[in-house]
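All chains should be built: construct the whole structure from the sequences, respecting the hints.
Protein chains in written order, with the working numbering: chain Y, 1 to 116; chain E, 117 to 230.
A hint or two may mislead.
Here are the computed lysine-lysine pairs in the DSS-like style, where the Cα-Cα straight-line distance is at most 27 Å [what the hints assert, rightly or not]:
hint : chain 1 : residue 1 : chain 2 : residue 2
1    : E       : K136      : Y       : K103
2    : E       : K180      : Y       : K103
3    : E       : K136      : E       : K180
4    : E       : K157      : Y       : K49
Just so you know, these hints were derived from the structure itself, not from any lab.
Spelled out, the chains give:
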Amino acid sequence: AQSVTQLDSQVPVFEEAPVELRCNYSSSVSVYLFWYVQYPNQGLQLLLKYLSGSTLVESINGFEAEFNKSQTSFHLRKPSVHISDTAEYFCAVIGAGGTSYGKLTFGQGTILTVHP
Amino acid sequence: GAVVSQHPSRVICKSGTSVKIECRSLDFQATTMFWYRQFPKQSLMLMATSNEGSKATYEQGVEKDKFLINHASLTLSTLTVTSAHPEDSSFYICSATDGIYGYTFGSGTRLTVV
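Here it is, written out as structure tokens:
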């Protein structure tokens, strides 16, 4: 079994400030890790993913996340946020084997609100 | 890039009627499709996994007779909510994959049962 915990349900921040959205996971098998973003009344869009290789992964719009196996974390960061980053962000994992193989498990979501 | 089209985006139906939601992969063949349900201010809960040409696998607690899933081709899966009731009102999202590395989500369907 696997689970994902997003430690903050809401994160308010001012424009151009840095932000970190925290994500911890637990799993009995190796995992692949994802961050998705959801705008109101829309589906999910993939922001970035970690499959293997470098533990630091980046998105095209300035977000980055670092896989930390020892701390079982995959925190999402951005050094300077914009108003347009306001959305809900979901951390998700897929088990690389076992009964969880191929199934995405989502965290509870973090609502990021960027204020002017 | 991979695109998944989900239709309709919003639907309002009367209690007791059935509603069909379609999920299409537009530019790739989806070997597996997933259906999720999202309650307000909550995360996505996986309802079922469907593979083309075979019966869907439902998660524990999901009524298979109420939520009928058909994955008749590599590009189309449908979710039919039968005899809908107000408690079925929710946001339903599908996703499709052609392998473990790529999960593309549809835009979601807001179902309101009155």
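Right, here's what the structure says about each hint:
1. K136(E) <-> K103(Y): 24 Å, holds
2. K180(E) <-> K103(Y): 18 Å, holds
3. K136(E) <-> K180(E): Answer holds: K136(E) to K180(E) is near 14 Å, not above 27 Å.
4. K157(E) <-> K49(Y): 23 Å, holds
Of the hints listed earlier, there is not a single one the structure fails to meet.
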